[in-house]
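Protein chains: 2
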Amino acid sequence: MALPNDYTGQACSLARSLEIIGERWTLLIVRDAFWGVRRYADFIDHLRMPRAVLASRLKALTAAGVMTRVAGERHLEYELTDKGTALWPVVLSLMSWGDDFCALDGPRRLFRHAADGGQVDQWGRCETCGKPVPAADTIVAPGPGLEPPADDDSWVTTALTGPHRLLEPLRTAAAVLSRTGRSPEVTPRDSAKIE
Amino acid sequence: MALPNDYTGQACSLARSLEIIGERWTLLIVRDAFWGVRRYADFIDHLRMPRAVLASRLKALTAAGVMTRVAGERHLEYELTDKGTALWPVVLSLMSWGDDFCALDGPRRLFRHAADGGQVDQWGRCETCGKPVPAADTIVAPGPGLEPPADDDSWVTTALTGPHRLLEPLRTAAAVLSRTGRSPEVTPRDSAKIE
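Protein chains in written order, with the working numbering: chain A, 23 to 217; chain B, 23 to 217.
Okay, chain A solo, but in the shape it has when bound (with noise of 0.2 angstroms):
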């Protein structure tokens, strides 16, 4: 059935933040750069989506100012901004009632304060301390639900079963390596990331 593009007549400010990141995929986009997901590949690896609708949606999404591209060590990468990152109440919000409803393991990931090692709340308050955590101090952690990677999963999702810092850029070992001028111990899997 189709559909107007915006929501027309509707000047709420929900509406508004749906005509932004409303589109299928895009949130879902959105919360791997809070993952730590910076490179176009790694997009696509990870979220297995169409390239053009992966293309439209950063075009979208640095057009309303939520993503920018930055230049990186050997790629161009993306990366939120600060409109970009006061969208993690919403991702968190929407990850929380997944959890909740729809969960059957319990969650996947969990949230901890940095600073303390507090829980994160689903209204992203430290259970410690008792403030507001706002996503560059928060630690993603496996929770119980977490399946452990399968054989076909994107470095991504293997990187993701550690704990990690959101917004800090998740890079494959073997990157990790070249950059500190080690000798990288690189497995055919990393050197394929790193072309």
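Read the hints as simulated data drawn from the structure, not as lab findings. You may find that some hints are simply not true.
[Said to hold, decoys possible] Not close to chain A: a few residues of chain B, all C-beta gaps over 12 angstroms, as computed: (1) Trp119; (2) Gly140; (3) Ile161.
[Said to hold, decoys possible] Facing chain A, according to a computed beta carbon distance under 7 angstroms, are these residues of chain B, among others: (4) Arg38; (5) Arg53; (6) Leu116; (7) Trp145; (8) Gly165.
Just so it is clear, CB atoms sit at the ideal spot from N, CA and C, and this is done for glycine as well.
Guided by the hints, dock chain B onto chain A, whose structure is given.
Structure of chain B alone, referenced to chain A:
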């Protein structure tokens, strides 16, 4: 471009949430249900969306257990279940983000804690008592960005120019009067709504 109807291979709770509430218009219907809209004709009147789309979205929302059909006074009504009410942090965080980045004249709606009148922040906490405020204890009130209702606006828009407790059924003045047995002072507009 054709896309699959689900996020194939995305087991994340965010993807599962989006499968339920990520369709175009769905979150605006849920928002209206928080405002107290309950009748099919009133969703149509307020949202000005195609009837077939509303029917399809309400069907999906009831199948997913987010909304349920209940007998109203004269018509079937739709109301949020506990699962649906648990979406309040999602609606609030999306609306706050839109307010912060897309609303030039300031928020159109403000939220207050019914218990002490404290303002509710984007994380759903009362700025006076510091407690998280459930939807049912929240008063929605007009904010500085709310434009005055236009002549052809729905009665829902007009009703929401005053403070209103979330989830409490929004009724026309005429409907309230007829319920309380007092002689109704019905305007032509109101009488059209309670056919």
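Right, here's what the structure says about each hint:
The Cβ of B:Trp119 sits about 5 angstroms from the closest Cβ of chain A, inside the 12 angstroms cut-off, so the non-interface label is violated. The claim that B:Gly140 lies off the interface holds: its Cβ sits roughly 15 angstroms from the closest Cβ of chain A, which is beyond the 12 angstroms cut-off. With a cut of 12 angstroms on Cβ distances, B:Ile161 stays outside the contact zone with chain A, its closest approach being about 17 angstroms. Annotation: B:Arg38 was flagged as interfacial toward chain A, and the flag holds, the nearest CB pair being 4 angstroms apart, inside 7 angstroms.
The interface hint given for B:Arg53 holds, since its Cβ lies 5 angstroms from the closest Cβ of chain A, which is under the 7 angstroms cut-off. Interface restraint check: B:Leu116 against chain A, minimum CB-CB distance 5 angstroms, threshold 7 angstroms, status holds. For B:Trp145, the interface hint holds, the least distance from its beta-carbon to any beta-carbon of chain A being 5 angstroms, beneath 7 angstroms. Because the beta carbon of B:Gly165 sits about 9 angstroms from the nearest beta carbon in chain A, more than 7 angstroms, this interface hint is broken.
Of the numbered hints listed earlier, those contradicted by the structure are 1 and 8.
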